[in-house]
Amino acid sequence: MIKFNLASVVAPAIALASVLALSACGSTPNTSDNATASNQQSIPKSWIDADTGHKVVRLSEEEGSRSLYFHQNSYAAAGDKMVISVANPRGVAVVDLTDMSVKRLFDHPDVAVLFMGPSSREVYLTLIESKDGHPVHAQNELQQPTQIISVNIDTGKVREIATVPRGKIHSININESLLIGAFAEKAHSLETGPRHARFEARYEAKGPDGKPLTYAEAKEVRMDQRLEMRIPMQMFTVDIKTGELKTIMQSTDWLNHIQFSPTDPELIMYSHEGPWHKVDRIWVTDIHGKTPEKIHQRMMNMEIAGHEFFGFDGKEIFYDLQTPRGQDFWLASYNLETGKRVWRHMQRDEWSVHFNVSRDGKYFAGDGGDEEMVAKAKNGKWIYLFESEPVKDVAGISARNAEQLVRPAVLKAKKLVNMQQHDYRLEPNVTFTPDGKWIVFRSNMHGPVHVYAVSVEPAE
547 MIKFNLASVV APAIALASVL ALSACGSTPN TSDNATASNQ QSIPKSWIDA DTGHKVVRLS
607 EEEGSRSLYF HQNSYAAAGD KMVISVANPR GVAVVDLTDM SVKRLFDHPD VAVLFMGPSS
667 REVYLTLIES KDGHPVHAQN ELQQPTQIIS VNIDTGKVRE IATVPRGKIH SININESLLI
727 GAFAEKAHSL ETGPRHARFE ARYEAKGPDG KPLTYAEAKE VRMDQRLEMR IPMQMFTVDI
787 KTGELKTIMQ STDWLNHIQF SPTDPELIMY SHEGPWHKVD RIWVTDIHGK TPEKIHQRMM
847 NMEIAGHEFF GFDGKEIFYD LQTPRGQDFW LASYNLETGK RVWRHMQRDE WSVHFNVSRD
907 GKYFAGDGGD EEMVAKAKNG KWIYLFESEP VKDVAGISAR NAEQLVRPAV LKAKKLVNMQ
967 QHDYRLEPNV TFTPDGKWIV FRSNMHGPVH VYAVSVEPAE
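In the working numbering, the protein residues as written are 547 to 1006.
These are calculated hints, taken from the structure and not from any lab test.
Watch out, some of these pointers could steer you wrong.
Straight-line C-alpha distance at most 27 Å; calculated BS3-like pairs for lysine-lysine [said to hold, decoys possible]:
#1 Lys886 / Lys861
#2 Lys961 / Lys908
#3 Lys938 / Lys591
#4 Lys752 / Lys922
#5 Lys960 / Lys908
#6 Lys938 / Lys861
#7 Lys861 / Lys958
#8 Lys703 / Lys732
#9 Lys824 / Lys792
#10 Lys649 / Lys960
#11 Lys792 / Lys836
#12 Lys922 / Lys958
#13 Lys908 / Lys938
#14 Lys732 / Lys649
#15 Lys836 / Lys787
#16 Lys924 / Lys757
#17 Lys787 / Lys703
#18 Lys752 / Lys924
The following label-pair restraints were derived from C-beta to C-beta distances [to be verified]:
#19 Ala945 / Asp755: 43 to 53 Å
#20 Ser735 / Pro936: 37 to 47 Å
#21 Ser723 / Ser588: 39 to 49 Å
#22 Lys787 / Ile589: 22 to 32 Å
#23 Asp874 / Lys703: 46 to 56 Å
Computed from a predicted model, the values in this text were never measured in an experiment.
The beta-carbon is built from N, C-alpha and C at its ideal position, and this holds for glycine as well.
Please put together the full structure from these sequences, using the hints given.
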């Protein structure tokens, strides 16, 4: 197994004395590229969106900065700080949510941010040796060792956790005793070449006529090819104290999107990955190998459900539901305690690549989508805020079996940010700040990728 020397992980460009001093570095490194610096200065630090009246703030200072994937926690438990990834050199930075200032915390050419610890002040990172000078993206099929470390966001203190022989780490449980991940028995890449700096992934494929498919269609083809390979996989846990690895599931289904419950340290949600109309996607199990439970049962051909995530109380699982795909759109939820289901209806243009929920459960957010995506939205490039309004019984008269039926609701949408200049090959990945006052997202609307936040309330 490869072992990285943590004493030498500081990037020369920021000239820090040691890893332990990184958190004391108060300034962002200056670029030597005058054109880049000029472009940076042309990107506004804040503005009032002319179409919505909401304030938008650029949180990041460096081009290539990204917020985390929509269900990965980026916030300290106290709610005062969040972590983002930064580039050139690669590393992690901390945003102080009290004054929106940002400081680099840790740098290494092979580092990637996993998530913020849900209970501690530590951010968990991976170090995966680069190939030919290009960073390796941590996919399930990764066949080389991954070193896992944590860094305290206040002191910069580094802690070695474990080295995983192969595979991808997906999640951490609420008491930070276990990590969970998955690996495949052989390598397979969905992507067809190096990633462009402005986009999240690269998918290319040709249709039956031999002509190149669109980005969205090529992604479907590549995912279907991977699904049909039926590569044997294993889901495993990593003991954070001892580094012990334990296999908890073996499958030839494509295991992905693994998430620990935000309240139960032993409960796991995961997906059978692939084209959503072809797989039964959403499942729950536990670390002891409990018989998996399917969360959503398809009722019609081409019905799809996916991009699942937990509510913060740990009781609800939310997911994008379409009946059928690309025609009728819902944000659905399933209550793990009561078994009750709610389907919240939305208009075509309001469908979003990802949804999220505020900590108090009052609001939802969506990051919109372009005309090429599943909804084929004509005017869908917005950051949205939603409130859920139940569909009530007429005159108080209920069906006799109302308690056993799906409860319908309607999402009332408010536009927060005009994303017309955003290229959705980069997914914005909306999250609410812990206080519920801001929605954080990533965007290439000004060219380079940056991290932004929009106020939930209109500007005064």
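How the hints compare with the structure:
no.: 1; hint: Lys886 / Lys861; in the structure: holds (11 Å)
no.: 2; hint: Lys961 / Lys908; in the structure: holds (17 Å)
no.: 3; hint: Lys938 / Lys591; in the structure: violated (44 Å)
no.: 4; hint: Lys752 / Lys922; in the structure: holds (20 Å)
no.: 5; hint: Lys960 / Lys908; in the structure: holds (14 Å)
no.: 6; hint: Lys938 / Lys861; in the structure: holds (23 Å)
no.: 7; hint: Lys861 / Lys958; in the structure: holds (23 Å)
no.: 8; hint: Lys703 / Lys732; in the structure: violated (35 Å)
no.: 9; hint: Lys824 / Lys792; in the structure: violated (30 Å)
no.: 10; hint: Lys649 / Lys960; in the structure: violated (32 Å)
no.: 11; hint: Lys792 / Lys836; in the structure: holds (15 Å)
no.: 12; hint: Lys922 / Lys958; in the structure: holds (20 Å)
no.: 13; hint: Lys908 / Lys938; in the structure: holds (18 Å)
no.: 14; hint: Lys732 / Lys649; in the structure: violated (39 Å)
no.: 15; hint: Lys836 / Lys787; in the structure: holds (24 Å)
no.: 16; hint: Lys924 / Lys757; in the structure: holds (25 Å)
no.: 17; hint: Lys787 / Lys703; in the structure: holds (17 Å)
no.: 18; hint: Lys752 / Lys924; in the structure: holds (25 Å)
no.: 19; hint: Ala945 / Asp755: 43 to 53 Å; in the structure: holds (49 Å)
no.: 20; hint: Ser735 / Pro936: 37 to 47 Å; in the structure: holds (45 Å)
no.: 21; hint: Ser723 / Ser588: 39 to 49 Å; in the structure: holds (47 Å)
no.: 22; hint: Lys787 / Ile589: 22 to 32 Å; in the structure: violated (44 Å)
no.: 23; hint: Asp874 / Lys703: 46 to 56 Å; in the structure: holds (51 Å)
Violated hints, listed in ascending order, are 3, 8, 9, 10, 14 and 22; each of the other numbered hints is respected by the structure.
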